[in-house]
Amino acid sequence: MKILISSCLLGENVRYDGDNSSIAYNSSFTFSQKERFMDMLCSNEIYSFCPEVSGGLSTPRTPAEIVSREKPFIVKDKEGKDVTINFLLGAKNTLDLCKSENIKVALLKSNSPSCGNTQIYDGTFTSNLVEGQGMTAKLLIENGVTVFNETQMKEFFRYLKENKK
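Heads up, the sequence shown is in the numbering used here, so the first residue is 4 and it goes up one at a time.
A few of these clues could be false.
[To be verified] Distance windows between CB atoms, simulated:
1) Lys167 x Ile88: 34 to 42 Å
2) Glu134 x Ser46: 31 to 39 Å
3) Phe34 x Glu73: 42 to 50 Å
Please keep in mind that the hints were generated in silico from the structure rather than gathered at the bench. Idealized CB from N, CA, C, for every residue including glycine.
Construct all of the structure, not just a fragment, from the sequences and the given hints.
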């Protein structure tokens, strides 16, 4: 199965702070969960992607949050710079990849202004989470891609099992 995975979850140093969110080294996952994740990587066609880097943002970069969740969406970094165009371009590039490669499922980074699929930061840079979706996750979902985050591994593996060809 073809699976899109946030590059940071695969250990690539593409996060805003220049670090990663590697599942393999995350202490909140048990050894058996990590083993299952590694098995999944080996038995599927994995597409590693970072929408923010694809959209032209550097690593490291100033943290950004969606400051307006109503249309038009506005994303600003902590210094007040409007980076909406970068987030839109990254979301479009991600969707283009999914369409061209016929990718139907994605495992994305939780809470991210690009990749969060259930919650995002509220735009005040105070670490307050609200219900919502990052720009990439939202676009993928609207276009039929099933999106999970790393806190939904049980559901993700269930989906893979049920949709295995």
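Can the suggested window of 31 to 39 Å be confirmed for the beta-carbon pair Glu134 and Ser46? Hint holds: Cβ distance 33 Å, inside 31 to 39 Å.
Open item on the list: If I claimed the Cβ atoms of Lys167 and Ile88 lie 34 to 42 Å apart, would that claim hold in this structure?
Closed with: Holds: the Cβ-Cβ distance is about 38 Å, inside 34 to 42 Å.
*In this structure, is the beta-carbon distance linking Phe34 and Glu73 contained in 42 to 50 Å?*
Taking Cβ atoms as reference, Phe34 and Glu73 lie about 44 Å apart, which means the hint holds.
Violated hints are absent here; each numbered hint is respected by the structure.
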